[in-house]
Amino acid sequence: MPDATPVTTNPRVTSSVPAASPFLIAESLRIGLMRDGAELRIVDAADFTLDAGASLGIVGESGSGKTMLCRSFIGTLPRYGVRVLGGRLTIGGRDVTGATEDDWRAIRGKVIGYVPQSSLAGLNPVLTVETQLLEALQIGQAMDKASGRAEARRLLDLVRIPRVDSVLHERSHQLSGGMKQRVMIAAALALRPPLLVLDEPTTALDVTVQYEILMLLRQLREDLRMGMILISHDLAVVEFLCQRVMTMYAGATVELGQADAIRARPRHPYTHALLYSRLGMAERGQDLIAIPGEMPVVGAWPAGCRFGPRCAHAVDACRSGPQPLPRFVDTHLTACIRAEEVT
Amino acid sequence: MRLVRWFRELPRAGQVGVLIIAMVLLLGLIVPAISPYGVEGTESGSNEAPSLAHPFGTDQLGRDIITRSFAATHLDVFVAVVGVLVPLLIGTVLGALAATTDIRVIRGGIALLIDGINAFPFLILALGVIAVVGTGITGMIVAIALTSWARYAKLARTRAATLRELDFVSALKLLGYSRVRIVIRHILPNCFRETAAYGVSDFTLVILTVAALSFLGAGVRPPTPEWGSMMADGRMFLMSAPWLLVGPGIVLTITAFGVSLIGEALKDRVRA
Amino acid sequence: MAGTTTGVRVDGDLIAIDGLHVTYRTRGDDVLAVQGFDLRLRAGASTGIVGESGSGKSTVAKAIVGLVAPSQGSIRIDGDLVAGTDASGNRVTGYVRANRWKVQMIFQDPYGSLDPRQQPLDAVAEAVHQWQPGSRGAARTEALGLLKSVGISERQATSGLRALSGGQRQRVSIARALAPRPQVLVADEPTSSLDQSAQAAILNLLRRIQAERGLAIVFISHDLALVRYLTDTVMVMKDGFVVESGSTDRVFSSPDHDYTKRLIASVLA
Chain A
0 MPDATPVTTN PRVTSSVPAA SPFLIAESLR IGLMRDGAEL RIVDAADFTL DAGASLGIVG
60 ESGSGKTMLC RSFIGTLPRY GVRVLGGRLT IGGRDVTGAT EDDWRAIRGK VIGYVPQSSL
120 AGLNPVLTVE TQLLEALQIG QAMDKASGRA EARRLLDLVR IPRVDSVLHE RSHQLSGGMK
180 QRVMIAAALA LRPPLLVLDE PTTALDVTVQ YEILMLLRQL REDLRMGMIL ISHDLAVVEF
240 LCQRVMTMYA GATVELGQAD AIRARPRHPY THALLYSRLG MAERGQDLIA IPGEMPVVGA
300 WPAGCRFGPR CAHAVDACRS GPQPLPRFVD THLTACIRAE EVT
Chain B
0 MRLVRWFREL PRAGQVGVLI IAMVLLLGLI VPAISPYGVE GTESGSNEAP SLAHPFGTDQ
60 LGRDIITRSF AATHLDVFVA VVGVLVPLLI GTVLGALAAT TDIRVIRGGI ALLIDGINAF
120 PFLILALGVI AVVGTGITGM IVAIALTSWA RYAKLARTRA ATLRELDFVS ALKLLGYSRV
180 RIVIRHILPN CFRETAAYGV SDFTLVILTV AALSFLGAGV RPPTPEWGSM MADGRMFLMS
240 APWLLVGPGI VLTITAFGVS LIGEALKDRV RA
Chain C
0 MAGTTTGVRV DGDLIAIDGL HVTYRTRGDD VLAVQGFDLR LRAGASTGIV GESGSGKSTV
60 AKAIVGLVAP SQGSIRIDGD LVAGTDASGN RVTGYVRANR WKVQMIFQDP YGSLDPRQQP
120 LDAVAEAVHQ WQPGSRGAAR TEALGLLKSV GISERQATSG LRALSGGQRQ RVSIARALAP
180 RPQVLVADEP TSSLDQSAQA AILNLLRRIQ AERGLAIVFI SHDLALVRYL TDTVMVMKDG
240 FVVESGSTDR VFSSPDHDYT KRLIASVLA
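Chains as they are written, first to last, in numbering that gives the first Met the number 0: chain A, 0 to 342; chain B, 0 to 271; chain C, 0 to 268.
Read the hints as simulated data drawn from the structure, not as lab findings. Among the clues, some could well be false.
Unchecked claim - The calculated EDC-like cross-link candidates involving lysine to aspartate or glutamate, where the alpha carbons are at most 16 Å apart (straight line), are:
| id | chain 1 | residue 1 | chain 2 | residue 2 |
| --- | --- | --- | --- | --- |
| 1 | C | 61 | B | 166 |
| 2 | C | 61 | B | 164 |
| 3 | C | 260 | C | 211 |
| 4 | B | 266 | B | 232 |
| 5 | C | 101 | C | 121 |
| 6 | C | 260 | A | 211 |
| 7 | C | 61 | C | 257 |
| 8 | C | 237 | A | 205 |
| 9 | C | 61 | C | 37 |
| 10 | C | 237 | C | 248 |
| 11 | A | 109 | A | 134 |
| 12 | C | 237 | C | 79 |
| 13 | C | 260 | A | 205 |
| 14 | C | 237 | C | 257 |
| 15 | C | 101 | C | 77 |
To be verified - Selected chain C positions facing chain B (Cβ under 8 Å, derived; list incomplete):
| id | residue |
| --- | --- |
| 16 | 26 |
| 17 | 30 |
| 18 | 101 |
| 19 | 104 |
| 20 | 106 |
| 21 | 115 |
| 22 | 126 |
| 23 | 128 |
| 24 | 129 |
| 25 | 172 |
| 26 | 238 |
Beta carbons: idealized from backbone N, C-alpha and C, even for Gly.
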């Protein structure tokens, strides 16, 4: 067995060194469905790149389109009756915009590992942990039983599961929530993908377990020099794990930049509100900062800036035209046309 | 006004279904009224092929088939409506009761009936009931009601069992609402929403059952026009005069198609 | 706590719980969900019960409102014995009409807390009518006012539930719980199913309501940040036991128990 380093051509590209070409490129990516001859968009103009070995956290509340965006990376949109409407998606140097299910089968697991949102229910209840890990391993290549078993043990060690021998022969109902999540992560890592995509990996977990899983993921990212895309509604979780952060609102990218830069000074009123409506940000006896109103549903996005109707800083210019595209303001990208004045 | 809004909010297929049924019902009034032939009149030659004078031909007794096919619409649709509503009401109430009562005997008794009835093939059971209560329209409706309430009851029981565990039921208990009130005013109406949607798609089944029972001679008696009995009479002339079956068959199929379009549309709405 | 009779106010506490035990029976086995829980809460005060899944915190909430019966111990609400043994040795299990209105609860799942068939206005009006004598029209007027006070407009109140978001549904649940003008509110994870921006608004609302009505509130939560921000005192539960309790400031600044320390360390900054 080779060491645990995944097969990447260019692991851990630092921002100062220009990468040959980013590992994942989304160009004006539009996701949605056709209804009555018109596009019904769920994700609009997603534009970003991810270098090999880099990490990106996508933050948004329900209805932001973050989960659909994430599903486009692993080609499971059609299951939800949705497709890529336009733009381009390149993964590992390969254009996958119009990829077929066969193409995706060669990508899933090998190029991109995926831990789905409902992963606590993601294990087959009648199969043992070992059987499920072997399944994940055999998608990659034919493997004899002995080396498959050894590989399964290695995976459980990798995700720091104690008493590997007994866990291998247990079924999902015998495992705690945290253990299930570790097994799911192990399965996603089976074929040593250079990029791991996680959709809300800690949402259903207890506080202490969430912390352990996040620590594990941070360790894995560093040890394996693996790229990571993390979807979460929780800015704190994303900041904990990812170098870069992207905020989505009503299908649009509203802010994108280094996590510390955004934390230090968010340049979009929505990210600002997300950051400061956190419970840890207020003193007892003081009101929390709340965003009035509700996120518009798909198909009812307002003209102009989609956050406009809920924004305290909105002026007439914010209320017409298309959703503003993100632009550079000092350190990072923001879609707020008034970023210089109001943030 | 509410009807217009309800219609507008239906999916397109459901709207088409509503229009089809409206058309069939309307033709059921118009065709016999403007037809130069009586519904039970035997003024023409027997087994005449379709022609301008008799678009669907005539039957073995020389009756105009198109007139009779449409004249049957109201009887068949009436039996279907009653045949759906009666078991729907009984089934939903008993199903919801079985899921919410603490009295073991009631719960177990209803469960036994549901499973017992559902285990039998529907049509055979219906024939058995008719053998006891007698043929004719009433007999048919009783047979359909006695046999098909169990399917609604099963649906309602499952739904009520789910609802009972929801927090809103706890919230209503804390507000001091009585058990009876929670079941009648809050659980039962939610069960009806579910069973009613399935009921609409059951119209098709009931229309076909009525036809089948009449076809087997257990339903409407001649000379009353009814699709099933018309087709039963025509089967002897299947080779020489197939139009005896085609005429009522077309109207029956169109009606069944319209109803199932509505049913599917309503089911989608409940699921959404 | 023998010697106190029903109807006598106990130390001015709205909630007085002593030695509460709750046992669930599953397949012949007795599971001790709560083992020895005590609580005193005055009007206008709030306490938080934190813990992870299986700690027994939700069972405490259900016992307080009367949805589960304690196996031992007593619960008094505003002096009324609602669970336990009274002075003459009779067992009391649950609320009666005379005290049922005093305690209401907000549930976690906004999508399961409302009758899916009922408009918000009808749901609240029904609750008002149950507790305040008067015509249906008067109940509707009062219900509209309640809904308005929690931020639900008349248009939202008279449209179907389907149009409402999780946060808006939770507001309707709060309005309904306020209909009998309760003295105690038990909130079981009231915001954990909500988006962050909705959470902030709901918590602000609950705080405002507490101040206006002098409610005693018990917050059940897995979220330490929420309890720290919101409550005067806190109780940390693990495996059915209270492992630590005290003023929120003290517990968070210098926790005694190892488990409390671990919980606090797990909170992301």
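Evaluation of the provided hints:
For the hint linking residue 61 (chain C) to residue 166 (chain B), the alpha-carbon distance of about 11 Å falls within 16 Å, and the restraint holds. The hinted pair formed by residue 61 (chain C) and residue 164 (chain B) meets the criterion: a straight-line CA distance of about 14 Å does not exceed 16 Å. Simply put, residue 260 (chain C) and residue 211 (chain C) have alpha-carbon atoms about 35 Å apart, too far for the 16 Å limit, and the pair is violated. At most 16 Å may separate the alpha-carbon atoms for a hinted pair to count; residue 266 (chain B) and residue 232 (chain B) exceed this at roughly 36 Å.
At most 16 Å may separate the alpha-carbon atoms for a hinted pair to count; residue 101 (chain C) and residue 121 (chain C) exceed this at roughly 22 Å. Taken as a hint, the residue 260 (chain C) and residue 211 (chain A) pair is honoured in the structure, with Cα atoms around 15 Å apart against an allowance of 16 Å. Under the criterion of a C-alpha separation no larger than 16 Å, the hint pairing residue 61 (chain C) with residue 257 (chain C) is inconsistent with the structure, at around 27 Å. About 12 Å separates the Cα atoms of residue 237 (chain C) and residue 205 (chain A), which keeps this hinted pair within 16 Å; it holds.
Annotation: proposed proximity of residue 61 (chain C) to residue 37 (chain C) holds, straight-line Cα distance about 15 Å (limit 16 Å). Of the supplied pair hints, the one linking residue 237 (chain C) and residue 248 (chain C) is violated, its CA atoms being roughly 20 Å apart against a limit of 16 Å. Taken as a hint, the residue 109 (chain A) and residue 134 (chain A) pair is honoured in the structure, with Cα atoms around 13 Å apart against an allowance of 16 Å. Restraint check for residue 237 (chain C) and residue 79 (chain C): the C-alpha separation of about 29 Å exceeds 16 Å, so the hint is violated.
Pair hint residue 260 (chain C) plus residue 205 (chain A) holds up; C-alpha atoms about 15 Å apart against a cutoff of 16 Å. Using a Cα cut-off of 16 Å, the hinted pair residue 237 (chain C) and residue 257 (chain C) holds, with the two alpha carbons roughly 11 Å apart. With a C-alpha separation of about 8 Å, the suggested pairing of residue 101 (chain C) with residue 77 (chain C) holds against the 16 Å cut-off. Checking residue 26 (chain C) against chain B by beta carbon gives a least distance of about 19 Å; that is not within 8 Å, so the hint is violated.
For residue 30 (chain C), the suggested interface contact is broken, since its CB lies about 19 Å from the closest CB of chain B, more than 8 Å. At its closest, the beta carbon of residue 101 (chain C) sits 10 Å from a beta carbon of chain B; the interface hint therefore is violated under the 8 Å criterion. With a least beta-carbon distance of about 6 Å to chain B, the hint placing residue 104 (chain C) at the interface is held under the 8 Å criterion. With 8 Å as the threshold, the beta carbon of residue 106 (chain C) comes within range of chain B, its nearest partner Cβ sitting at about 4 Å, so the hint holds.
A least Cβ separation of about 6 Å between residue 115 (chain C) and chain B falls short of the 8 Å threshold, and the interface hint therefore holds. For residue 126 (chain C), the suggested interface contact is upheld, since its CB lies about 5 Å from the closest CB of chain B, less than 8 Å. With a cut of 8 Å, the hint placing residue 128 (chain C) at the interface with chain B is violated, because the nearest CB-to-CB distance is about 10 Å. Among the interface hints, the one on residue 129 (chain C) holds; its C-beta lies about 6 Å from the nearest C-beta in chain B, closer than the 8 Å criterion.
Against a cut-off of 8 Å between C-beta atoms, the interface hint on residue 172 (chain C) holds, since the closest Cβ of chain B lies about 7 Å away. Restraint check, residue 238 (chain C) versus chain B: the minimum CB separation of about 25 Å is more than 8 Å; hint violated.
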